[in-house]
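Undergrad: Protein chains in written order, with this note's numbering: chain A, 1 to 359; chain B, 1 to 359; chain C, 1 to 359; chain D, 1 to 359.
There may be inaccurate statements among the hints.
For chains that are exact copies, the list does not tell them apart, and a pair is met inside one copy or across any two.
The list that follows gives simulated cross-link-like pairs (lysine to any residue, SDA-like), each with its CA atoms no further than 20 Å apart [as the list claims (entries may be wrong)]:
1) 317 - 194
2) 317 - 117
3) 314 - 273
4) 88 - 67
5) 88 - 66
6) 314 - 218
7) 200 - 180
8) 99 - 75
9) 314 - 94
10) 200 - 163
11) 314 - 97
Everything labelled a hint here was simulated from the structure, so no lab data went into it.
Protein chains: 4
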Amino acid sequence: MAGNSFGQLFRITTFGESHGPAIGVVIDGCPAGLVFDQAFIQLQLSRRRPGQSALTTQRDESDQLELLSGVFEGRTTGTPITLLIRNKDAQSGDYDALKDVYRPSHADYTYEAKYGIRDHRGGGRSSARETAARVAAGGLAQLLLHASGIRVVAYVCGVGSVTYIDEPTQKALLSIENNAVRCPDTTTAARMEAAIAEAKAHGDSLGGMIRVLITGVPAGLGEPVFDKLEADLAKAMLSINAVKGFEVGAGFAAAMAKGSEMNDSFYTDSGRVRTRTNHSGGIQGGISNGETISCRIAFKPVATIQQKQNSIDKAGKSITLEAKGRHDPCVVPRAVPIVEAMAALVLADHLLRQRSAIL
Amino acid sequence: MAGNSFGQLFRITTFGESHGPAIGVVIDGCPAGLVFDQAFIQLQLSRRRPGQSALTTQRDESDQLELLSGVFEGRTTGTPITLLIRNKDAQSGDYDALKDVYRPSHADYTYEAKYGIRDHRGGGRSSARETAARVAAGGLAQLLLHASGIRVVAYVCGVGSVTYIDEPTQKALLSIENNAVRCPDTTTAARMEAAIAEAKAHGDSLGGMIRVLITGVPAGLGEPVFDKLEADLAKAMLSINAVKGFEVGAGFAAAMAKGSEMNDSFYTDSGRVRTRTNHSGGIQGGISNGETISCRIAFKPVATIQQKQNSIDKAGKSITLEAKGRHDPCVVPRAVPIVEAMAALVLADHLLRQRSAIL
Amino acid sequence: MAGNSFGQLFRITTFGESHGPAIGVVIDGCPAGLVFDQAFIQLQLSRRRPGQSALTTQRDESDQLELLSGVFEGRTTGTPITLLIRNKDAQSGDYDALKDVYRPSHADYTYEAKYGIRDHRGGGRSSARETAARVAAGGLAQLLLHASGIRVVAYVCGVGSVTYIDEPTQKALLSIENNAVRCPDTTTAARMEAAIAEAKAHGDSLGGMIRVLITGVPAGLGEPVFDKLEADLAKAMLSINAVKGFEVGAGFAAAMAKGSEMNDSFYTDSGRVRTRTNHSGGIQGGISNGETISCRIAFKPVATIQQKQNSIDKAGKSITLEAKGRHDPCVVPRAVPIVEAMAALVLADHLLRQRSAIL
Amino acid sequence: MAGNSFGQLFRITTFGESHGPAIGVVIDGCPAGLVFDQAFIQLQLSRRRPGQSALTTQRDESDQLELLSGVFEGRTTGTPITLLIRNKDAQSGDYDALKDVYRPSHADYTYEAKYGIRDHRGGGRSSARETAARVAAGGLAQLLLHASGIRVVAYVCGVGSVTYIDEPTQKALLSIENNAVRCPDTTTAARMEAAIAEAKAHGDSLGGMIRVLITGVPAGLGEPVFDKLEADLAKAMLSINAVKGFEVGAGFAAAMAKGSEMNDSFYTDSGRVRTRTNHSGGIQGGISNGETISCRIAFKPVATIQQKQNSIDKAGKSITLEAKGRHDPCVVPRAVPIVEAMAALVLADHLLRQRSAIL
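In isolation and in its complexed conformation, chain A is listed as follows (with noise of 0.2 Å):
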């Protein structure tokens, strides 16, 4: 009930802060005989991790994983299987002045508010150092899925006022990789990139966007009344740090438009059952209809700047805040891989909880 498990079925717990000796995730309730596949799901980490490019933070951790425990002769045994993230470069002297300091935006006062005592160094368990865990279950999560041709796929597609709202071809999907900003688009990554720079330039961030596409999902995931597909993937997403809005198929333009116009009309292709479009974003009445995934995903800026701020401190005095600890510019970069983990275990999830949706 504390909030640090995520799923049902496919079920995960985080657990670590910033600057303590390590974070890590359990997951239970992986089916036995998956391939574990480590390198793969290193491969999501080192997308997440600080310190790719000059975009992002210099805070420097391999994120290298350790395998504690679920696997056997390189297969999942259907026991827990823990994966640990040593914090390695934690410069927690950086923080020591922001012991008593509430800092705009961040998470320091409502977490002295609810426990009544906080882990300062780093944001603590606040930081987004936490989502490592969740990119590496989602991972394995990931690999779930190709068991049975569901892919997850992310790209950012807004920093700041740059925003890119082309449907991407499936090669410039296959080639966000080769920017430093995840867009499938060249010409708006470097504008996004750009942007990035001069806010940082001015010591400042930005905020931006990212849509994720889920491909290959069979008609019938996502229970039909709470947990409807979309909810759970919008909870997924809002439990994102910095994360301030989801939308799925049509989304908020879905609320200017007329029914005429976002109805989905149903076609047979095949023998498969299709939709001519799909404003519903793969999902009806919460259970995925077999078309496409498709979300879109809004972060606010970055709370810390290189900024004078006004702010207080525990004791209720007014101070001016000016930044310490490494931060990036803008989060969305990094936050590919996360959003992607995050889907990943939606629907992990609800693949297993559909196994039990027939005699």
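Go by the hints and put chains B, C and D onto chain A.
TA: Same frame as chain A, now just chains B, C and D:
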């Protein structure tokens, strides 16, 4: 796991189909000793019930609550509270022709794909009628919140292209029942009503938006990682039929902004920690900070329209469809109490969860 | 968390008080497509209902099931199945004098301590009447098990000092409904009936024991650590009113024995793995091994007796109590279908859980 | 759902195999602000660890705790607490010959049936080594209970046919660490040690019994229907390897008794509600009544014996087996801290759950 329950400590389970004998809800975990104000709960139901105005479906359901358990001498006893609503005006014959048809953007096909069987009458379990049970439970949740000084109020802020973006006054908020669309601004309300009437005249439907405000929330509610307050709110809202998008605080606009614009500075107001702006929407790091929680929810247009549409039947044969059954041309006015109910359920749950946070 | 639900994938929530309008159960997670044999379920209820014989309470409840949701054209649809049983013969006036009294070994005092309020009429929620809802849900669980060849049968193996320790024949098991105590041995049954009659004549009550056998269970059911099959069975049984003990396989006798006496040797019988003895009771390492699952459950004597007893009232004042209300002098004959129901619920749940164990 | 978690609000998840790199536990939901007394927890582990005396397995594990998360400046922070114990003296080679063998009354066959794959080294996940993680978590639970004045103490009350049935004095209870079997009575302890030594000399093993007493429990803990306090205790105990039976209060003896003998009369003692006898074992209607909670747990003899046994291998071929590996001839002395841990976990969970019972 079949998704008909919501909440952890304040936990509801809804049941029932649109054209079955009844719908209802079991509420487990409501603390003992709460005065059970049935009139208040009935009032919420009457705000959701069909047949309220010319803008809504003409299905005539009085939605009279029957209390089956959990209350003794006017107070909750700590045992499960069960509320039953009989279906009275189900006209199942209207749906006979739809037995084998997949209506565009309804859940007919996906239910069939999931379960291999479906109750086609009035959409069965996928009908928005299920939300009456949520409104009843949400009414009780509101009573619990009121005892802690927390208030939930929602209003329509968009119907098709007609939007209302101002910050409403307290007085305007209290007057939303005075117009059929539940918009705090009477001029905008009139334009919204006209838009709906026009869509209806064309046999079409319209999407819309609802904003929900939650006031009086103490700092400290919400769990910091997966069960962030905004994550549970997002799930709650996306679990409502026809919802396609959710944002909290600055939402999607934050994705376009800079950190220097979005950060909420702390200050002290008569000893209370406050923020000067509220781009965070009352939640930081997943935990309430004491400011007003503010979310916006996007609803797609109702799928049932009075126009000819192409689709297929169960056998995969192309058909042309003309709507039968009674439906709203725009769902958002009636969805206001549903949004309030879901928000109240999330807050009530986290209010109880917070009781275990500190030694 | 308030404890009115049981099971993970095949999950039930019961509600209702002894003297409220109704009791009932919502069953969530029953797979779609199961033939809903209402007569079978009603039969289980009639085996539990009061007024069956001179040995049981004379409260007269027909316990007619009302089906509110989840079944369409005779089959389950995958949506929640709700079963309602109206209370008809509640004679609440009998309990007026007990409003402020703590009856010995009843739940009067503990409910008051827990909730600060209680529905004193007929024990309120603590009444064994709640188990009728379990029997109804357990009947559905049995239907699911039957579809997999699993059978659950229980019988009385002890009433006071009269015990039956032989291994019953299949024929004897099928004949337990032929006597009022549900013991497979007619001679022992007669002695048990006499013991109950004698206790009743003295205004006293008697404890007893029930054995439950589960056959046709495939090897592999049960989760290996906390949700061992015997752990979930133990919880299921101890959750029944008046149960004070549980044992599986050799049980307490195993504590007195040597490993060389207790180990069950494996052998192969026509290609099927079997054990030559079954001291394990069909479960090893928390997981079924394909042998018959065998458990024994101890029930304390009914707390309500027709003798003068000392107690106190709510104010702490000493009082002398004489029983009112209608009660069984010995609960075990009527508890047989309750034990079967709880066992069936555990097995149905683990049958579904096993579907996710292997890739 | 895969069963590696226990508890609702105070919730633990254990992981790890007997011969993998490590075992461990994540504790989620421990309230913030609790002093983390690592020495106390380490002490509990040392009471469970192998190699304590001539009566126990000679596997040599120091079981040093590594704290990975959730504690800051000596206090819990409300975030997950992760405790790791490295496996150091695993001698996996001992098990090579058992790779394809189903040992009698072990979990070899059932794991294979369930998962189609198993880690055969030292029993893998089915090893009692997993319980070290429970003892660590239970130690923390005890610290939480101590803060509320609740104490848990267990002792051995049976080894084979040697039993100890007296009610121990407080002084005797505090002296159980003075003998190798953890029995409060030194004379009986000597007989128990002799019985174990004799069984060992014959290459055999012995079953036994443990009693657990929980004092200082406020009235009101436990949920009334499925999560009765005794139901959760029963599950907790039956989830321990080798446990075959559980009883609370008068237990199986109650099944033989009359109501007039078993009812516990209430009286008032200096304003506090008490019962004159405690056949209920401190729990009535599933809820604690303030008296000492008393349970007995039956353990079967250890399955590994140093005698020739018949069994089969994976291919179904008959084999003769001689034990390798290091094992206890009687498990109950080392199981005392395990029983205490599980009892503490149940009580800690219900202590937190009770916080939501009343408005």
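Undergrad: May I ask which of the numbered hints given earlier this structure violates, with the numbers listed in increasing order?
TA: Number 1 only.
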